[in-house]
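Trainee: Sequence:
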Amino acid sequence: MPLLGIFKIILVPVFVYAMATHATAASVSKLLSAQAIKWNGQVINVEPLRKFYKSRRGKGIWTTKSGLHKNGSELLKLLAQAGTDGLEAKDYLSGFPKNASSIATDDLAPAELFLSQAYYSFSRDLFAGRTTPAVSEPDIVISRKKVSREGLLKAAAKSGPLSVTKKLKP
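Sequential numbering of the sequence shown, starting at 1, is according to the UniProt record's numbering.
Since the hints were made in silico from the structure, they are not lab data. Glycine is no exception: its CB is placed at the ideal position from the N, C-alpha and C atoms. Some clues are possibly wrong.
[Said to hold, decoys possible] Simulated restraints on C-beta separations:
# : residue 1 : residue 2 : range
1 : D106      : P170      : 20 to 28 Å
2 : K167      : N99       : 29 to 37 Å
3 : T84       : S148      : 36 to 44 Å
4 : P170      : G67       : 28 to 36 Å
5 : T105      : R57       : 17 to 25 Å
Let's have the full structure, built from the sequences with the hints guiding it.
Mentor: Below is the structure:
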């Protein structure tokens, strides 16, 4: 096989992958200037996600240009099974399309931010509890354990959401 043929076989897939990541990153970056966005009837608070996504130049964890990344599929499965940990899946998935493969290209950037917000909320609730004891007993004052949003998202990007959440369980 001529050298040019090998060059095409190796570089074309790399170039296509880079373009797919870049297109999603550009779309996510555009949304970062807003305080919050509304998507599928849900408000996504962009402010706490801004630092993380700016550090990655908008590159997503959960989506690519063409749909869900394997991390996104893993996260949806994890959130759908929230009941096994005593939490309600609807608290994290309400507003997300039932058929994730049907997400339109224009919706991938807001879906990325939605999933990051849902992942943080789920992880925080899993780690620190859904409510504080003061909700039912005002005389009990125990501060809620903190979870770093940026640290959590970085770890999920590196290791996947399932392995990170396993470490958060009580």
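Trainee: Each hint should be assessed against the structure and marked as holding or not.
Mentor: Cross-check of the supplied hints:
The given range of 20 to 28 Å is broken by D106 and P170, whose C-beta atoms sit roughly 40 Å from each other. Restraint check, K167 to N99: a C-beta distance of roughly 31 Å satisfies the suggested window 29 to 37 Å. At about 25 Å, the beta-carbon gap between T84 and S148 misses the expected band of 36 to 44 Å. Distance hint check: the CB atoms of P170 and G67 are about 34 Å apart, consistent with the given range 28 to 36 Å.
The supplied range of 17 to 25 Å is met by T105 and R57, whose beta-carbon atoms lie about 20 Å from each other.
When the structure is compared with the earlier hints, violations turn up for hints 1, 3 and for no others.
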